[in-house]
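J.: Keeping their order, the protein sequence lines are chains A and B.
The first sequence runs contiguously to residue 541 in our numbering.
The second sequence runs contiguously to residue 390 in our numbering.
These aren't lab readings, by the way, just hints derived from the structure by calculation.
Certain hints may be false.
Calculated lysine to any residue pairs in the SDA-like style (CA-CA distance at most 20 Å, straight line) [what the hints assert, rightly or not]:
1. Lys536/A with Tyr194/B
2. Lys536/A with Leu192/B
3. Lys199/B with Arg535/A
4. Lys60/B with Asn275/B
5. Lys329/B with Ile67/B
6. Lys445/A with Val476/A
7. Lys536/A with Arg206/B
8. Lys199/B with Tyr532/A
9. Lys199/B with Phe529/A
10. Lys199/B with Pro528/A
11. Lys536/A with Trp198/B
12. Lys399/A with Thr327/A
13. Lys423/A with Leu407/A
14. Lys536/A with Leu196/B
15. Lys399/A with Leu220/A
All figures in this text were calculated on a predicted structure; none of them were measured in a lab.
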Amino acid sequence: MVLHSVKSKYFGLIIGLLLLILFNFLSIILGYTDITIQTVIESFTNFNGSNEHIIIQDVRIPRALIATTVGASLGIAGALLQALTRNPLASPDILGFNAGASFSIVVALMLFSVSSLQATTWIAFVGATIAGLLVYFLGSIGRDGMTPIKMTLAGAAIAALFGSLTQGLLVMDESALDQVLFWMSGSVQGRKLEILLAVLPYLVIGLVIAISISNKINILMMGEDVAKGLGQRTLIVKLITGLSVVLLAGGSVAIAGPIGFIGIVVPHVVKSIAGNDYRWIIPYSGIVGGVFLLMADIGARYVLMPEEVPVGIMTALVGTPFFIYIARKGGKLA
Amino acid sequence: MRKYTSVRAFRDRISFLLDRKAITFHVISLLLLGVIFLISVGMGEQLFSPWKALNIMLGNGSSFESLIVQSFRMPRILISILVGISLAVAGAILQAILRNPLASPDVTGITGGASVAVVLFLAIFSNESNALTVSIHWMPLAAFIGATIVAILLYLLAWKNGLSSFRLVLIGIGLWALTKALTNLFMIIGPIHQAAQANVWITGSVYGANWNNVQILAPLTLVLLIIVFIMTRHLNIQELGEDIALGVGARIERQRFGLLLLSTALIGSSVAFAGGIGFVGLMAPHIARKLVGSSFGNLLPLSAIIGAILVLLADTIGRTVFLPLEIPAGVFTAAIGAPYFIYLLYRQRNA
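All chains, full assembly: derive it from the sequences and hints.
T.: Here it is in structure tokens:
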């Protein structure tokens, strides 16, 4: 833990926010078309319909905002999940959220020809939740309850199962493939601001719940027995936490498709900076998650210039060594 | 009549137990494979009865019929069988040396390593018109190298005062995710940019197999299988666990490394021609073990036959039931294999 006093934590939070704004800015000006700061300001004050202004307003700004929102939501969802499952390897993608959401959207598109934005969002929610619950249940069977290993294995199996079913459905209908492939690539590029706005209410509710419940999570982390002894209704706290996770992670999947490993990396980084108090971990996870995804997204533009790499690939490349490191440490918390 | 017969040859270099019950199972499963083979030859847009299929294969059909059978269906069926055998045997070896019933080529990321290598190979050695600039014979070698790198990485990363089987699987899943990301990355660079086609290959399919592929894969598989067969007694010892194996005088690390290379070679050669057909390496050895127990003299051949049956069945269903569409064989094997994996997990819940 780097920051000890409350003052330094506030200070760190402010620095984090500044970094977040800085990277938002970099995300707007960097890329295949480099853009000067002046042009960015002009595009707001004096929009003239030039190519650059259109790129800024229609492509770069939505992209930066979506990366920030999705990164923050996934970071917080990861922190909550790791608390809920007492498992340092827990994260929405390991729990099968991504696979479940992909599968449900493909089914909805093909069998019920659903295509409205609102409906797709809800379907992604439902699919993510079902897969998450399945993995949670499978990971908890047995005498010693939920262990990191069982949960990860169950998650991998569920992901493989849903993945193959999705694959099979897609082979049967190539027009659906065209519609879904874009979404399945896990990217914050080319998403319209409307998608963000459609999902934003759920994300905000999830965030509010997360912040307001963080004190209760601190008590829960002392152990189930202690929490009960202190008069906490642990089941209700867990359920509410779970609801917040579903809102945050499900909403992110609905916007950006499967982007993995943020939920694992971010909480660990945050804990090494800000300690184990969830009243701090939640806001820090949001900021670090946002910065992390913005950085990955900016990197994704440069790796294979002029082509873009889906940001999900970038986060996986950074995240898997981290995952292996934690697995080697025996799944213990940092 | 004795229940077991021991077979020893070449001054005990090769030795294994044969058991009567196991021989029955071998015969039954071989017959089953033969029946599925004939049905598979007959199935397709041109339907032949199994009996007619046999006749065509013996050269008694019209030239059109024998064209369909000889040029289109046979190579595909043979590749399915070879791939099934390779994956099943590789899975059985992995389960023995890692001493872990959940270890399988895909979950440990080894198949993924081979996929990365193949995609990279295609990306590097293709010109603009998507033609290979080097012989396709090198592709299995590339896949083998990729699989071996991942296997060695897995071994090194999971090693921490010995191998814990759960840590190994956990790290394997991490490597699996990593190889998936790398495959996608190289696919963007490489010539297989047509997403639909690449998707099919990643899922695992023997679509488009030709005699050229068979000519490469068949001798390779045969040689590897013979080596595995010679190593059977080492496999049996490996399964006893480190202490006992050391106690009976096995050079355990050396043998284990040799066996690991064998399994990555088998995986590499099958991935090079069929992509990642999932969960065959997990299911086949388990089914075989249920039937004949865990002595490798019985287990290996039966796993091989069951693996061949699984892949051939999956491919036959995939290319016939949903006509005119083709479903990659990997979709079916994963759709059965993933629940099976969950079942194994459930069985192990208190381990």
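J.: Each of the hints needs a verdict: does it hold here or not?
T.: We went through each hint and held it up to the structure:
Pair hint Lys536/A plus Tyr194/B holds up; C-alpha atoms about 15 Å apart against a cutoff of 20 Å. For the given pair, Lys536/A sits about 16 Å from Leu192/B by alpha-carbon distance, which is consistent with the 20 Å threshold. With a C-alpha separation of about 8 Å, the suggested pair Lys199/B and Arg535/A falls inside the 20 Å cut-off, and the hint holds. At most 20 Å may separate the alpha-carbon atoms for a hinted pair to count; Lys60/B and Asn275/B meet this at roughly 19 Å.
Taken as a hint, the Lys329/B and Ile67/B pair is honoured in the structure, with Cα atoms around 15 Å apart against an allowance of 20 Å. For the proposed pair Lys445/A and Val476/A, the alpha carbon gap of about 24 Å is over 20 Å, so the pair is violated. Under the criterion of a C-alpha separation no larger than 20 Å, the hint pairing Lys536/A with Arg206/B is consistent with the structure, at around 9 Å. Distance check on the hinted pair: Lys199/B and Tyr532/A sit about 12 Å apart at the alpha-carbon level, within 20 Å; holds.
Proximity of Lys199/B to Phe529/A is assessed by CA-CA distance (about 17 Å); at most 20 Å being required, the pair is judged to hold. Between Lys199/B and Pro528/A the alpha-carbon distance is near 17 Å, which keeps this suggested pair within the 20 Å criterion. Taking the CA atoms of Lys536/A and Trp198/B, the gap is near 11 Å; set against the 20 Å cutoff, the hint holds. With a CA separation close to 14 Å, the supplied pair Lys399/A and Thr327/A stays within the 20 Å bound.
At most 20 Å may separate the alpha-carbon atoms for a hinted pair to count; Lys423/A and Leu407/A exceed this at roughly 25 Å. For the given pair, Lys536/A sits about 11 Å from Leu196/B by alpha-carbon distance, which is consistent with the 20 Å threshold. Taken as a hint, the Lys399/A and Leu220/A pair is broken in the structure, with Cα atoms around 29 Å apart against an allowance of 20 Å.
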